[in-house]
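K.L.:
Listed below are the residues making up each chain.
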Amino acid sequence: MDLISSIVSLTFIAQVIRLMTPFYLGASAANFSERGGVINISIEGFMNLSAFSFAVFSIATGSILLGFIMAIAINLLFSLLFAYFTVKLKLDQIVTGVGFNLLSAGITKFLMVYIFKSSSNTERFEGLPDLNFFESIPILGSIFSDYITIFTFALIFISGFVLFKTRFGLRLRSAGENPWAAESLGVNVRKYKVYGILISGFLSALAGMWLASNQNSYSDGMIAGRGYIALAAMIIGKWKPVNIFFACLMFSAFEALEISLQVSGTDIPAQLIQMLPYLITVLVLIGFIGKTRPPAADGVPY
Amino acid sequence: MNLKTKINLISVSVSLVITLLIFSLIILLIGQNPAGILSIILNDVFATGYGMGQTLFKATSLIFCACGLAICFHVALFNIGAEGQLNAGSFVIALVAVYFADLPFPIVFLFCLVSGFIVSGIFGLIPAYIKIKKDVSEVITTIMFNFIILALVNFFLLDFFAVKSTMRTEKISENFMLTKLSDFMPFFSGSSLNVSFILALAVAVISYILIYKTKFGYELRAVGFNKTASKFIGLNVNKITLIAFFAGAGLTSLSGINFIFGYKGFYEMGFSSNIGFTAIAVALLAKNNPIGIIFSSLLFSILEYGGLSVNQQVPKEIMLVVQGVIILAILSVDKIVNNYFERRL
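Taken in order, these protein sequences are the chains called B and F.
The numbering of the first sequence is our numbering, which starts it at 1 and goes up by one.
The numbering of the second sequence is our numbering, which starts it at 1 and goes up by one.
Chain F with its partners taken away, still in its complex shape:
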């Protein structure tokens, strides 16, 4: 194991321990028993097929979204706009699936994948383009686009496409729904876990290969590492940045596939419940490594599902606090551990 991996492992485990301590402290403060609460969570998540299925279902969307963000973050630019990007793509996916209901499933599905990807991708492309052309901070534009996209989707949904007196689109054809994993693994019965999860694992592996094993990924990381030097050795920095933002934002649309094709069958206002922001934390925790993202997505979805299972004793919102604590813990511990090793070397 090289030193870098060792440092990463140390800082991730230390920050998880710190988070666990803070979590226990909060639970003690409100007069509950941390060990008891923790055992309920672990029991619910790991001991029942339903709990595990729901946890993996939640992880699916996070993996898609965080892998997309990781690609953006590798060029050392921020993308805080995943929430908007994924909503735009998912909305289009639902509409395409409804309006081409007569075509055979594979064609419709492919059509949905492509159109969702392009729409989400374009909303990633615009801030990157503005950054390149006008040097306007992508942090501000991606935040602004979150509001713009959500308002636009809301407008089109409510004024044109929503089922009367609801906040959702029409349901897609029953034949289009993806297979639930419980169909061939009865263990998961009742949960919404579907084949999108396998797609998510594939996307993570492909993103990993793309980032770490291909020429493009090498260039991507070079640009992120040192823009000036990359320009100097003849890389087209702007083009690489634009591709990264298009592809990264495009990938976030896949979380809509998990929700629409795998679970509800329609696009619904607010379906994403902030996974666009949670995914930032997920990608950070994994240091933008897609394989790591699989695990950090699992952790975050355990937190979310675990929150539901202890809601009787502790408000489930405690998990939002935990998510915030994790980000700050990993950031600071990582810095401190790195400083420590730098001094010793």
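If we strip away everything but chain B, and leave its shape as in the complex, we get:
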């Protein structure tokens, strides 16, 4: 198959936009937390946990809806715990994040073996229902075939609106920029930090569920670094919803390229393509996009 023609095809573009979903959800998750001043490097772990709990509860109860609700509930609990450590106890956010990633991987690996007697993957399940509304429209139909992707597109505008046009957003950002000033103006800084982390947990739950739904099962290691890519997309996008969207598009384009390269069987080694998003992240951070400025009090325990 001709690689060039496969890349410029509409199916490829549709693929890129679809694959953007988990990246954008993860990056927004990280962004809401960091706008409130809490660095959350455990997006990877959050996504992993929700993908797993979605699969487990969907399979166990036979109801996708219950699986969906349980996955969100468990992620919110996990975020509350994260908030307890980072906001209440004011522990180092990076180390806590590393701990949560380890814990999430541990819990899922352990329960996988315990429940499914397999260390690789769960049985198949149906996944989220398709959305048939756009089916008749050729390209849109294949892009907007599920609810979460639609929500992700809406999220670009919702998060921009919430962060920059509402009182909630202003207060959240004030907690991340200058918590001392915010507190002196009567903002309950810690409460807003916790809200930011909870939103982070909710959005990463959606990301994890989309991934599990996409392959109709949960498998060990299926997040495959997407949570970290999402963090990179947030930084490259300079903590701004629209810019983050374009950064995510770039990363999903690489993923789609990797898939079509594997299908077309070219000589370009797959490992080098897999490496590209990470290498580009580093190069971009070093200086092809100008200075990035995180929220001023990002990572500072308050």
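Bear in mind the hints are in silico, worked out from the structure with no lab data behind them.
Being a predicted model, the structure only gives us computed values, none of them experimental.
Keep in mind that the hints are not guaranteed to be accurate.
Okay, derived cross-link-like pairs now, SDA-like style, lysine to any residue, Cα gap no bigger than 20 Å in a straight line [as the list claims (entries may be wrong)]:
| id | chain 1 | residue 1 | chain 2 | residue 2 |
| --- | --- | --- | --- | --- |
| 1 | F | Lys227 | B | Ala296 |
| 2 | B | Lys238 | B | Val282 |
| 3 | B | Lys117 | F | Gly307 |
| 4 | F | Lys227 | F | Gly307 |
Computed, partial: chain B to chain F, Cβ under 7 Å [said to hold, decoys possible]:
| id | residue |
| --- | --- |
| 5 | Tyr114 |
| 6 | Phe116 |
| 7 | Ile280 |
We put the CB at the ideal spot given by N, CA and C, even for glycine.
Could you slot chain F onto chain B? The hints should help.
P.N.:
Just chain F now, with coordinates in the frame of chain B:
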């Protein structure tokens, strides 16, 4: 005993007790008897020479890696890239040992030590350099470099150096293999424990002296404690940071020596099984003190080997949960205990 040591001891023991409770709770929940499981673990690890040897063998790699990380952490920067760094160095170590098979052992071994150290070190140096020059968070770059290095090593391994239809390099010469400790201590017979363990103890002691008893270590800790003040008193903060990251990342390559020269004789994809991340927890538990790292490495390797020995009753993956719990327990208990003493003083 001064107050600081007392606080540390209290918080370490309290968090270990909490971890033990959570561990027992999980085991109860899946319908097993915690005491029984615990006794199997302790029995397997401590009552047999093989078990003890395997535990110490696993501890060896952790000690190397965690000591390296401790040096990085002392300048108050994160290094989440040990997994990548140690793989890069170990891969080069295996290749050097294979391609210079004709030279005498001491020269080859030295060559391997130096080349592995430099390669791993460079991958620590790059994120530190980027941090200094461009103020890009080392957390992100070290994570990214994990993926970059693993993909690169994978590429070079599979496309150029791997033995056909395997994921490993050629075996190094049999004469190069390090002596197993069981050769002069039959007690350990059957286990992979080798002289690297003694090297690991030496590295821990040397790192301890370097960090706490030398001028460089003093400067290192000063930079970690207060960067601005260090600059003010005339320390070259950037240079110290770069040296710490080079040396720290370089040390992680020694875990490859333990695996390649001490055990398998080749580099294998995935040999490190996440010790680069486990070592973060090990160093944290020991508060970045290399002598403490010897003990926390032992604890983590007991967990890992113990997991294998109870796999019949409880999935061995429970130990991954325990590792996560330990990190969070030590972090939070330490904070709470410190707050308590601060209030009383």
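K.L.:
The structure should be examined with respect to each hint, and the outcome stated for every one.
P.N.:
Status of each hint after checking the structure:
| no. | hint | verdict |
| --- | --- | --- |
| 1 | F/Lys227 <-> B/Ala296 | holds, 18 Å |
| 2 | B/Lys238 <-> B/Val282 | holds, 14 Å |
| 3 | B/Lys117 <-> F/Gly307 | holds, 16 Å |
| 4 | F/Lys227 <-> F/Gly307 | violated, 42 Å |
| 5 | Tyr114 | holds, 5 Å |
| 6 | Phe116 | violated, 11 Å |
| 7 | Ile280 | violated, 9 Å |
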